[in-house]
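Asks: Each chain is listed here by its residues.
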Amino acid sequence: MGKPNDLVHGTLELSVLKTIAPEPKHGWAIAKRIQQILRDVLQVRQGSLYPALHRLEQKPWIRRRAHFYKFYLLIAAGRVQLENEAANWDRLSSTINPVAQTS
Amino acid sequence: MTWVHRLWLRLQSLFLRKGLAKELDGEIQFHVDELIAENIVAGMSPEEARTAALRTFGNATALTEEARAAWGWTWLEQLLQDVRYALRQLRKTPGFTTTVVLTLALGIGANAAIFALMDGLMMRSLPVADPKTLVRLGDSSDCCVNSGSVENGSYALFSTEIYERLKKYAPEFEDLAAMQAGFPYRPVVARRDGSQENARSVMGEFVSGNYFQTFGLRPAAGRLFSDADDVKGAPMVAVMSYEAWKRDDASDTSVIGSTFWINTKAVTLVGIAPEGFFGDRLSTSPPDFYFPIETHPVISIAAYVHDPDVRWLYIIGRVKPATQLGPLQEKISAYVRQWLKETRTFSSTPDKSLAEKTHVVLTPGGAGIQDLREQYQSNLGLLMGASALVLLIACANIANLLLVRGMRRKTEVSLRAALGAARNRIVRQLLTESAVLAGLGGIAGLAVAYLGARMLLSLAFSGAQTIPIDARPSVVVLAFAFALSLLTGMLFGVAPAWMASQSNPADALKSGVRGTTVGASLLQRGLVVLQAALSLVLLVQAGLFAQSLTKLQATDLKLDPRNRYIAHINPQGAGYSPRELETLYRTIEQRFHELPGVGKVGIATYTPLEDNNWSNGVQVQGQPYGGRDASFIKANSEYFDSVGTHVIMGRGIRTQDLLAAPTVAVVNQTFVKDFFPNGENPIGRHFGSPVPSDANGDYEIVGVAEDTVYTSLRWKDHRMYFVPITQRPSSNKEPIDQDLSLYAGALVLQTQWPVNNMEEIARKTLAEINPNLAVVKFQTFDQQIADRFNHDRLVAQLTALFGGLALLLATIGLYGVTAYTVARRTSEIGIRMALGAPRVGVIGMVMRGAISQTAIGLAIGILATLPCVRLVESQLYELQGVNATALTASVLTLAVASSLAGLIPARRAASTDPARTLRAE
Chain E
1 MGKPNDLVHG
11 TLELSVLKTI
21 APEPKHGWAI
31 AKRIQQILRD
41 VLQVRQGSLY
51 PALHRLEQKP
61 WIRRRAHFYK
71 FYLLIAAGRV
81 QLENEAANWD
91 RLSSTINPVA
101 QTS
Chain S
104 MTWVHRLWLR
114 LQSLFLRKGL
124 AKELDGEIQF
134 HVDELIAENI
144 VAGMSPEEAR
154 TAALRTFGNA
164 TALTEEARAA
174 WGWTWLEQLL
184 QDVRYALRQL
194 RKTPGFTTTV
204 VLTLALGIGA
214 NAAIFALMDG
224 LMMRSLPVAD
234 PKTLVRLGDS
244 SDCCVNSGSV
254 ENGSYALFST
264 EIYERLKKYA
274 PEFEDLAAMQ
284 AGFPYRPVVA
294 RRDGSQENAR
304 SVMGEFVSGN
314 YFQTFGLRPA
324 AGRLFSDADD
334 VKGAPMVAVM
344 SYEAWKRDDA
354 SDTSVIGSTF
364 WINTKAVTLV
374 GIAPEGFFGD
384 RLSTSPPDFY
394 FPIETHPVIS
404 IAAYVHDPDV
414 RWLYIIGRVK
424 PATQLGPLQE
434 KISAYVRQWL
444 KETRTFSSTP
454 DKSLAEKTHV
464 VLTPGGAGIQ
474 DLREQYQSNL
484 GLLMGASALV
494 LLIACANIAN
504 LLLVRGMRRK
514 TEVSLRAALG
524 AARNRIVRQL
534 LTESAVLAGL
544 GGIAGLAVAY
554 LGARMLLSLA
564 FSGAQTIPID
574 ARPSVVVLAF
584 AFALSLLTGM
594 LFGVAPAWMA
604 SQSNPADALK
614 SGVRGTTVGA
624 SLLQRGLVVL
634 QAALSLVLLV
644 QAGLFAQSLT
654 KLQATDLKLD
664 PRNRYIAHIN
674 PQGAGYSPRE
684 LETLYRTIEQ
694 RFHELPGVGK
704 VGIATYTPLE
714 DNNWSNGVQV
724 QGQPYGGRDA
734 SFIKANSEYF
744 DSVGTHVIMG
754 RGIRTQDLLA
764 APTVAVVNQT
774 FVKDFFPNGE
784 NPIGRHFGSP
794 VPSDANGDYE
804 IVGVAEDTVY
814 TSLRWKDHRM
824 YFVPITQRPS
834 SNKEPIDQDL
844 SLYAGALVLQ
854 TQWPVNNMEE
864 IARKTLAEIN
874 PNLAVVKFQT
884 FDQQIADRFN
894 HDRLVAQLTA
904 LFGGLALLLA
914 TIGLYGVTAY
924 TVARRTSEIG
934 IRMALGAPRV
944 GVIGMVMRGA
954 ISQTAIGLAI
964 GILATLPCVR
974 LVESQLYELQ
984 GVNATALTAS
994 VLTLAVASSL
1004 AGLIPARRAA
1014 STDPARTLRA
1024 E
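If you read the sequences in order, they're chains E and S. Read in order, the letters of the first sequence are residues 1 to 103 in the working numbering. Read in order, the letters of the second sequence are residues 104 to 1024 in the working numbering.
These are computed hints drawn from the structure, not numbers from a lab. We treat Cβ as the ideally placed atom computed from N, Cα and C, and that holds for glycine. Among the hints, a few may not be true.
[Claimed, not checked] Keeping only pairs whose Cα atoms sit at most 30 Å apart, straight-line, the calculated DSS-like set for lysine-lysine is:
no.	chain 1	residue 1	chain 2	residue 2
1	S	LYS661	S	LYS776
2	S	LYS880	S	LYS654
3	E	LYS18	S	LYS349
4	S	LYS349	S	LYS867
5	S	LYS836	S	LYS368
6	S	LYS121	E	LYS59
7	S	LYS867	S	LYS880
8	S	LYS335	S	LYS271
9	S	LYS335	S	LYS423
10	E	LYS32	S	LYS121
11	S	LYS125	E	LYS25
12	E	LYS18	E	LYS70
13	S	LYS349	S	LYS368
14	E	LYS32	S	LYS125
15	E	LYS32	E	LYS70
16	S	LYS444	E	LYS25
17	S	LYS776	S	LYS335
18	S	LYS776	S	LYS654
19	S	LYS444	S	LYS513
20	S	LYS460	S	LYS661
21	E	LYS70	S	LYS125
22	S	LYS880	S	LYS819
23	E	LYS70	S	LYS776
24	S	LYS444	S	LYS271
25	E	LYS59	S	LYS335
26	S	LYS460	S	LYS271
[Stated by the list, open to error] Covered stretches of chain S, as calculated for chain E (at least 3 residues, CB under 8 Å):
no.	stretch
27	130 to 144
28	162 to 175
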């Protein structure tokens, strides 16, 4: 048996990194943005975002900045991670896509 | 840098946990509120909007938990939770908690106390610079001023001359220092110039000029010695110990440069040794003063300082870095061997093979001279063993108690498992409980250790002016005790926890109601058997040492201590030259006789049962020299009567036996038995030293005295002779001015009735004769004798203590298991009684279990005792093997104690009310 959680975690975390890459956002805004991306692909409860944010923060790939809202912003290590992950995904999907399409 | 950031984040999340949690809650709340608002905008009712929002968001509590888990401190929170829960559980069962904590405290405390002593005595270095590079020449504590050859060829004591030569010959040493071996036996009389106080007897050690430099010490005030101070004819100087400076001069620096009268010679104090430096060895009487070696002949009339055949110095050096000790040892041994062959000692002995055996063993010198260590080593080993056994018994006890508790809580654990608690969480919680218990036990154990070590020290050094060992538990001891208690707790917490985790919730819940688990497990019974066996070993050991002590104390010492007082004196320190002594002794006799109640006044070099011995080779005229020696005492005419020794043949020493009269001797019975084995009449025969050749006619035997015990009870067949104190045999060519053997060391005052203030009277009388006649030590004869039993008494007391502790713990263990068995079998017993079983039968049934375990334990214990006794035999006085008395007494004690431990639960079982237990079903 695989671990669907890992896939969910991985996808969610990658999405978070991607979302805040252009500019810092607060939780609610990140959730809205991710929902737009993932709505139909992945059934994720919006609340799952928070554990994911805390995990990313401990890695540490993102940093939190407290104004009135808590803004999350990408730091250097996170940017590297995002690029690596994105490249991985590209490779993976370019490998899988032909397979998936033939079946 | 990432790890720093990560660490920072981790710490932040640890210390700001509460704030972070609040922030997280705020964020989530905001998110949910936004969702609700969105839903309302979309046209839902507030109720619907809320429900929908929560559905979209997910389980907020679980998500919060998950987010917090990301901080990585969940384990800590769970641990704290477990600890809190454990403390609550322990508070609920105070009996159990107290028993376990006390058991642990005693077991660990006893071990840590002994370990603290071990640490203080065996492992600590001198408080000097870089003790690791210090090396001592020699591995024994030969004392104090010796001549002749060493039988096994291993040299540790050296003459001044060989020391001076080695210093030049061995450049491997950065510094090579020498120090007086026997300073505790030759105190000095000191008085500060201008002081109104009487002169006092204090400890002074003669050391080489580079002594302090070798140890890398800096003065607390003034200066320390240099090589220029240790030159013949140099101004006489002294260094004072920091302790003495603080005690006698209130750390006043004006004392530096002042004159002290040391043995009536003027000496200038040049400095104070550093704080904490107590000399080169652990001692109950550390030196107050240090003097250069070259002042020794002037201060103490010590001609031996420049006699190449007399060895009186220990040597410690600091080796240069990267010195190979093996080759250095060879080099020094060869040099000492070569040099000794040229001395008088070897050139005059026919046996050249002794010279070939000569060697010097290099030993670590960082701990200094280790004579105290040698003295206590075997006893400490014994005590370590005993305390380890006590700990083993304590562990068995704790294992048993935890097992019992684990089984009792089986139902609770099953219930928790049934309600969904994770198995590893339950195990962790049970282990936490053990660890908390162990921690509490460890803390209590430290208290026991601290008090115990202090008690041990005050017992071991009762009557000593300074306790040389620091009893404060060091970091090592603390770590030892804590590791020990945690190990014990965890080790014995694992078994019950594992058992609990193995239980099937359904089974346990069922059986918890019915109580079908019969009796205690094999493991538990095995532990009780082990405890009984171990405590028997300890009890037998305690019995043997008690017997040994009784036997020692019951020995006929062939003396009479009643109404006798011993004042140790130092006429040499008071400035008397050997020629003046005859007059001095006459005056002392006269003055003390004038005092009311004083009968005999004995004057002697030393007295029975004190830590002193002078001996000499003996050859009887007309017989070949058999290599035997004998101890000798020089005494006045009243000496025998003053100590209560009977002269059984011929005559004793008479007042007429003065310097000018023929030299005579009284010998003891062992002397007669050994030198005149065929029943010859010893009276009128002559004997003396085998060298020079004309010396064997020195003394005419005029009497025979009974075998009064000197030095030690363990010294059997102690040949002795007694000669008039002021006589010198004609073969003694040494100038009289250097003859130390004429100096008395003790006065024995025999009175008609007990005189409570005899010490005061003696001090006053002596000071009236000469203010410099200070009393070195004053004791009743009884006290002096009792001091010689200190060691044996200490060991007997401690083994008794450990035996008692073992007995107590074993009894508690047996009681615990029996009581538990009874509690488990209450319903069974109820049914038996309802069916007509008599009370006596029930008691018998319970007792059978208890007694059978004890009996097996005793059987194993008896077998185990035999080899154990062999280990301690050498420390016992005239006892060999396990003797019947000690064994019977121990077996009986243990049997009675275990019967009591079984009887209490048995009676409780017998008082079971059948009706009530049946109703409880």
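Asks: If a hint holds in the structure, say so; if it does not, say that too.
Replies: Verification of the hints:
| no. | hint | result |
| --- | --- | --- |
| 1 | LYS661(S) x LYS776(S) | 17 Å, holds |
| 2 | LYS880(S) x LYS654(S) | 28 Å, holds |
| 3 | LYS18(E) x LYS349(S) | 76 Å, violated |
| 4 | LYS349(S) x LYS867(S) | 27 Å, holds |
| 5 | LYS836(S) x LYS368(S) | 27 Å, holds |
| 6 | LYS121(S) x LYS59(E) | 21 Å, holds |
| 7 | LYS867(S) x LYS880(S) | 14 Å, holds |
| 8 | LYS335(S) x LYS271(S) | 18 Å, holds |
| 9 | LYS335(S) x LYS423(S) | 29 Å, holds |
| 10 | LYS32(E) x LYS121(S) | 28 Å, holds |
| 11 | LYS125(S) x LYS25(E) | 20 Å, holds |
| 12 | LYS18(E) x LYS70(E) | 18 Å, holds |
| 13 | LYS349(S) x LYS368(S) | 24 Å, holds |
| 14 | LYS32(E) x LYS125(S) | 23 Å, holds |
| 15 | LYS32(E) x LYS70(E) | 15 Å, holds |
| 16 | LYS444(S) x LYS25(E) | 96 Å, violated |
| 17 | LYS776(S) x LYS335(S) | 48 Å, violated |
| 18 | LYS776(S) x LYS654(S) | 25 Å, holds |
| 19 | LYS444(S) x LYS513(S) | 81 Å, violated |
| 20 | LYS460(S) x LYS661(S) | 40 Å, violated |
| 21 | LYS70(E) x LYS125(S) | 12 Å, holds |
| 22 | LYS880(S) x LYS819(S) | 27 Å, holds |
| 23 | LYS70(E) x LYS776(S) | 104 Å, violated |
| 24 | LYS444(S) x LYS271(S) | 19 Å, holds |
| 25 | LYS59(E) x LYS335(S) | 78 Å, violated |
| 26 | LYS460(S) x LYS271(S) | 24 Å, holds |
| 27 | 130 to 144 | holds (count 6) |
| 28 | 162 to 175 | holds (count 11) |
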